[in-house]
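Undergrad: First to last, the sequence lines map onto chains A and B.
Using our numbering, the letters of the first sequence map in sequence onto residues 1 to 402.
Using our numbering, the letters of the second sequence map in sequence onto residues 1 to 402.
Since the hints were made in silico from the structure, they are not lab data.
None of the values given here were measured: they were computed from a predicted structure.
Hints are not guaranteed to be accurate.
Since the list gives no way to pick one copy over another, a pair counts as held whenever it fits inside one copy or between any two copies.
[What the hints assert, rightly or not] Straight line, CA to CA, 20 Å or less: simulated EDC-like cross-link-like pairs of lysine to aspartate or glutamate:
1. Lys283 with Asp378
2. Lys22 with Glu349
3. Lys345 with Glu293
4. Lys153 with Glu122
5. Lys153 with Asp242
6. Lys351 with Glu122
7. Lys283 with Glu122
8. Lys366 with Glu267
9. Lys129 with Glu330
10. Lys140 with Glu122
11. Lys300 with Asp290
12. Lys366 with Asp378
13. Lys366 with Glu284
14. Lys140 with Asp81
15. Lys287 with Asp378
16. Lys163 with Glu174
17. Lys283 with Glu174
18. Lys22 with Glu154
There are 2 protein chains.
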Amino acid sequence: MRATGVVVEHNPFHNGHLYHIKESRENTGADIVIAVMSGNFLQRGEPALVDKWTRAQMALNGGVDLVIELPYVFATAQASDFARGSISILEAIGCSSFCFGSEQGTIEPFINTYELITSQKESYQLLIKQFMQTGMSYPKALNEAYATLTVNKESSSYVDLSKPNNILGYHYIESALQMDAQIQPVTIQRIVAGYHDDIEEDQSIASATGIRKAIFDDASIQEISQYMPLSSVENILKWKSDIGVFGSWQQFWPFLRFTILRMSTNELSTHAEVTEGIENLIKEAAKTSDTFEDFMSVVKSKRYTWTRIQRMLTHIYTGFTWTDLHHHKEPTYLRLLGMTQNGQKYLNENKKNLALPLLSRVAATKDSLLSYDIHATDMYMLGIQSRINPIGMDYRTPPISI
Amino acid sequence: MRATGVVVEHNPFHNGHLYHIKESRENTGADIVIAVMSGNFLQRGEPALVDKWTRAQMALNGGVDLVIELPYVFATAQASDFARGSISILEAIGCSSFCFGSEQGTIEPFINTYELITSQKESYQLLIKQFMQTGMSYPKALNEAYATLTVNKESSSYVDLSKPNNILGYHYIESALQMDAQIQPVTIQRIVAGYHDDIEEDQSIASATGIRKAIFDDASIQEISQYMPLSSVENILKWKSDIGVFGSWQQFWPFLRFTILRMSTNELSTHAEVTEGIENLIKEAAKTSDTFEDFMSVVKSKRYTWTRIQRMLTHIYTGFTWTDLHHHKEPTYLRLLGMTQNGQKYLNENKKNLALPLLSRVAATKDSLLSYDIHATDMYMLGIQSRINPIGMDYRTPPISI
Numbered sequence: 001m002r003a004t005g006v007v008v009e010h011n012p013f014h015n016g017h018l019y020h021i022k023e024s025r026e027n028t029g030a031d032i033v034i035a036v037m038s039g040n041f042l043q044r045g046e047p048a049l050v051d052k053w054t055r056a057q058m059a060l061n062g063g064v065d066l067v068i069e070l071p072y073v074f075a076t077a078q079a080s081d082f083a084r085g086s087i088s089i090l091e092a093i094g095c096s097s098f099c100f101g102s103e104q105g106t107i108e109p110f111i112n113t114y115e116l117i118t119s120q121k122e123s124y125q126l127l128i129k130q131f132m133q134t135g136m137s138y139p140k141a142l143n144e145a146y147a148t149l150t151v152n153k154e155s156s157s158y159v160d161l162s163k164p165n166n167i168l169g170y171h172y173i174e175s176a177l178q179m180d181a182q183i184q185p186v187t188i189q190r191i192v193a194g195y196h197d198d199i200e201e202d203q204s205i206a207s208a209t210g211i212r213k214a215i216f217d218d219a220s221i222q223e224i225s226q227y228m229p230l231s232s233v234e235n236i237l238k239w240k241s242d243i244g245v246f247g248s249w250q251q252f253w254p255f256l257r258f259t260i261l262r263m264s265t266n267e268l269s270t271h272a273e274v275t276e277g278i279e280n281l282i283k284e285a286a287k288t289s290d291t292f293e294d295f296m297s298v299v300k301s302k303r304y305t306w307t308r309i310q311r312m313l314t315h316i317y318t319g320f321t322w323t324d325l326h327h328h329k330e331p332t333y334l335r336l337l338g339m340t341q342n343g344q345k346y347l348n349e350n351k352k353n354l355a356l357p358l359l360s361r362v363a364a365t366k367d368s369l370l371s372y373d374i375h376a377t378d379m380y381m382l383g384i385q386s387r388i389n390p391i392g393m394d395y396r397t398p399p400i401s402i
Numbered sequence: 001m002r003a004t005g006v007v008v009e010h011n012p013f014h015n016g017h018l019y020h021i022k023e024s025r026e027n028t029g030a031d032i033v034i035a036v037m038s039g040n041f042l043q044r045g046e047p048a049l050v051d052k053w054t055r056a057q058m059a060l061n062g063g064v065d066l067v068i069e070l071p072y073v074f075a076t077a078q079a080s081d082f083a084r085g086s087i088s089i090l091e092a093i094g095c096s097s098f099c100f101g102s103e104q105g106t107i108e109p110f111i112n113t114y115e116l117i118t119s120q121k122e123s124y125q126l127l128i129k130q131f132m133q134t135g136m137s138y139p140k141a142l143n144e145a146y147a148t149l150t151v152n153k154e155s156s157s158y159v160d161l162s163k164p165n166n167i168l169g170y171h172y173i174e175s176a177l178q179m180d181a182q183i184q185p186v187t188i189q190r191i192v193a194g195y196h197d198d199i200e201e202d203q204s205i206a207s208a209t210g211i212r213k214a215i216f217d218d219a220s221i222q223e224i225s226q227y228m229p230l231s232s233v234e235n236i237l238k239w240k241s242d243i244g245v246f247g248s249w250q251q252f253w254p255f256l257r258f259t260i261l262r263m264s265t266n267e268l269s270t271h272a273e274v275t276e277g278i279e280n281l282i283k284e285a286a287k288t289s290d291t292f293e294d295f296m297s298v299v300k301s302k303r304y305t306w307t308r309i310q311r312m313l314t315h316i317y318t319g320f321t322w323t324d325l326h327h328h329k330e331p332t333y334l335r336l337l338g339m340t341q342n343g344q345k346y347l348n349e350n351k352k353n354l355a356l357p358l359l360s361r362v363a364a365t366k367d368s369l370l371s372y373d374i375h376a377t378d379m380y381m382l383g384i385q386s387r388i389n390p391i392g393m394d395y396r397t398p399p400i401s402i
């Protein structure tokens with residue numbers, strides 16, 4: 001059986017994802033689609049709308065055959081580490097290709113860009129540093145450095161790194177080439193609207209951000225049903241009826257605020273991604289902010305992207321430190337969150353060829369990478385606040401099977 | 001003006017306290033009564049029912065002329081440190097006497113007991129150690145050691161240290177004698193029922209524990225009015241209407257649980273009073289306990305008193321470590337929480353004779369002892385959860401003045 005891999009968050013699963021899975025299968029001629037999916041905290045540094053098992057269920061209903069968890073360490077990391085963790089896992093589970101959506105839509109420019117940047121690594125790094133010294137955020141400085149590097153080049157030969165999905169795609173390619181992977185990159189044109197758009201009428205694909213906003217605003221089922229498969233709508237409704245609230249910083253703010261204010265600024269600065277004195281601003285902002293929105297309006301600055309700040313907050317919330325981050329560079333297991341019958345068949349056929357141990361049930365573990373995933377689930381469920389017996393879900397929840 | 005001092009928590013102020021204040025004034029012939037009062041966390045290791053300003057107000061209405069805050073470090077400490085902090089403050093503010101309620105009712109046996117224990121210090125300590133090795137809690141071992149020490153003595157000459165107020169009284173005497181204080185000890189017979197009794201009918205004095213239980217159980221105003229001065233009832237009703245909830249571990253449990261579960265057991269063990277591996281039990285119990293009652297039923301053992309465990313929890317909740325505890329042995333200021341006109345007159349007359357600086361307003365401070373008080377108020381107000389702008393009350397709240 002041939003497998004293609006996709007890197008997903010499915011927060012929540014919508015028609016754009018459905019299209020991505022279907023196209024991935026068709027474009028690569030794969031028999032099965034394997035998704036590496038973030039757990040309960042996401043790359044934008046925020047809690048998922050619904051937990052990882054509910055999102056795995058949506059993925060399986062939407063055409064994915066196997067869902068493997070991207071460990072917390074990579075799922076909440078900046079793009080290059082996120083990509084390295086994801087591609088390592090898809091390689092380890094034996095995918096012959098991985099397929100990502102991009103604004104670019106063709107692979108060649110990604111390869112060209114990788115080779116250009118690699119060949120001019122030193123001047124590129126220097127440019128980034130210089131732009132950051134003018135007060136730019138890292139992504140903005142990177143963008144400007146790249147523009148400088150490609151200023152006299154044929155623009156269609158290189159990827160446009162101002163587009164969010166192109167950036168992620170670039171890091172996937174970089175990871176695959178750097179690890180000298182067997183897995184082959186494939187990209188498909190993204191057809192979704194911009195990342196931050198609200199839902200617009202007369203279209204069947206909206207951004208996950210827009211859909212989340214609609215869900216938080218208690219939009220009608222009819223409204224969100226336009227943009228999500230029926231099975232996803234059902235999963236959202238079941239979560240709402242079982243749990244009552246959705247994961248968000250708004251919901252988790254009392255705990256996050258308490259945690260920030262309980263600690264000294266010295267302690268705050270030990271947490272991953274917290275740098276350059278921003279712990280002082282975080283502490284001061286938490287003092288005066290009764291809501292997460294108030295807090296972010298104080299902390300947000302040109303120096304840091306919203307996403308970067310949220311990643312700091314994720315690590316403060318879960319207690320994940322710089323030391324924890326520096327000690328974990330590669331995935332050490334394949335954690336199975338869900339499978340179809342075809343997915344199970346693939347595992348049976350390939351279980352001897354997997355490059356990392358497959359975990360379908362989690363027992364008491366000494367794998368520190370896995371212990372962060374288990375801990376992150378506990379912290380997520382405490383934030384949700386409405387579940388009896390919220391601790392240890394990872395030990396009690398078997399993979400979703402459809 | 002002659003001043004007498006009392007050591008109080010007033011949680012909440014009731015008829016027993018009213019009697020204590022009145023008797024203290026009469027017995028010592030003092031012109032004013034000065035109370036050293038715990039802040040928002042108490043010696044039993046729990047959050048106060050209502051905040052320190054509300055309790056100061058009750059005290060002033062009940063006959064106290066000056067309320068000075070006992071700093072967090074002493075207010076939440078074991079009896080000997082609690083007593084040392086309290087007596088130091090009453091000495092520093094110039095009280096000629098201090099007056100405490102005891103089951104004993106006369107001073108001489110306290111002095112005799114202090115001299116006996118001091119003269120046989122080594123064998124007493126050894127006995128305590130031996131009893132603890134049999135699995136007894138510290139207070140129980142101390143009791144047994146003391147019984148051994150006094151076995152052939154005339155019992156009426158020594159204080160009965162199995163009674164809770166006698167124990168506290170003993171530590172007051174010990175503190176005063178050890179610091180060679182000018183302040184003279186006075187005791188009055190306690191007329192209240194046992195500490196843990198519920199409210200009983202046909203009496204006008206009930207324990208604070210019983211009254212708190214009645215308040216948590218939403219007892220009628222008529223019921224609690226039997227046991228408290230009208231002004232205290234009014235303060236309780238005002239708090240209830242302004243804030244909505246009372247301070248308690250039941251109320252604070254979501255934050256305490258989150259804080260325990262977020263940390264590693266190693267981090268837990270850095271907090272003051274956490275010893276001998278109890279951090280493991282605390283962590284495991286927090287995993288399975290949706291309520292504070294469930295939690296305590298798992299953690300409670302013969303080795304540790306309820307109070308001792310609650311003190312650990314207080315320090316975990318506020319982030320107060322062994323290092324913090326070991327660096328603060330003596331009060332460094334007199335923090336004014338409230339005063340009557342007579343109290344103010346006393347301060348005006350004596351301001352040059354005070355042995356420590358008087359703080360009536362708190363500005364940004366480098367006094368770490370004071371910073372714990374300010375931090376404890378913030379943590380208390382976050383636990384209460386119902387106040388807009390809960391942080392920095394210490395900076396914004398002037399002393400209560402009546």
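Undergrad: All hints, please: hold or fail.
TA: Going down the list of hints, with the structure as the test:
When the C-alpha separation of Lys283 and Asp378 is checked against a cutoff of 20 Å, the pair qualifies only between copies, where the shortest distance is 13 Å, while the shortest distance within a copy is 24 Å. In this assembly of identical chains, Lys22 and Glu349 lie within 20 Å of each other by CA distance neither inside one copy nor across copies; the values are 23 Å within and 86 Å between. In this assembly of identical chains, Lys345 and Glu293 lie within 20 Å of each other by CA distance neither inside one copy nor across copies; the values are 47 Å within and 48 Å between. In this assembly of identical chains, the alpha carbons of Lys153 and Glu122 lie at most 20 Å apart only when taken from the same copy (19 Å versus 87 Å across copies).
In this assembly of identical chains, Lys153 and Asp242 lie within 20 Å of each other by CA distance neither inside one copy nor across copies; the values are 56 Å within and 68 Å between. For a Cα distance limit of 20 Å, the shortest separation of Lys351 from Glu122 qualifies neither inside one copy, at 42 Å, nor across copies, at 68 Å. For the homomeric pair Lys283 and Glu122, neither the shortest alpha-carbon distance inside one copy (36 Å) nor that between copies (48 Å) is at most 20 Å. Taking the shortest alpha-carbon separations for Lys366 and Glu267, only the inter-copy value of 18 Å comes in at or below 20 Å, while the best intra-copy value is 25 Å.
When the C-alpha separation of Lys129 and Glu330 is checked against a cutoff of 20 Å, the pair qualifies neither within a copy, at 27 Å, nor between copies, at 51 Å. In this assembly of identical chains, Lys140 and Glu122 lie within 20 Å of each other by CA distance solely inside one copy; the values are 18 Å within and 70 Å between copies. Within a single copy, Lys300 and Asp290 get their C-alpha atoms as close as 16 Å, which meets the 20 Å cut-off; across copies the closest is 36 Å, which misses it. In the homo-oligomer, the alpha carbons of Lys366 and Asp378 lie at most 20 Å apart inside one protomer (17 Å), although the nearest pairing across protomers, at 37 Å, exceeds that limit.
Taking the shortest Cα distances, Lys366 and Glu284 sit within 20 Å of each other only across copies (17 Å), while inside one copy they are farther apart (37 Å). When the C-alpha separation of Lys140 and Asp81 is checked against a cutoff of 20 Å, the pair qualifies only within one copy, where the shortest distance is 18 Å, while the shortest distance between copies is 56 Å. Only between protomers do Lys287 and Asp378 lie at most 20 Å apart by alpha-carbon distance; the minimum there is 9 Å, versus 26 Å within a single protomer. Proximity of Lys163 and Glu174 under a CA criterion of 20 Å is satisfied intra-copy only: 16 Å inside one chain copy versus 73 Å between copies.
When the C-alpha separation of Lys283 and Glu174 is checked against a cutoff of 20 Å, the pair qualifies neither within a copy, at 37 Å, nor between copies, at 42 Å. For a Cα distance limit of 20 Å, the shortest separation of Lys22 from Glu154 qualifies neither inside one copy, at 33 Å, nor across copies, at 93 Å.
Taken one by one, the earlier hints fail for this structure at numbers 2, 3, 5, 6, 7, 9, 17, 18, listed in ascending order.
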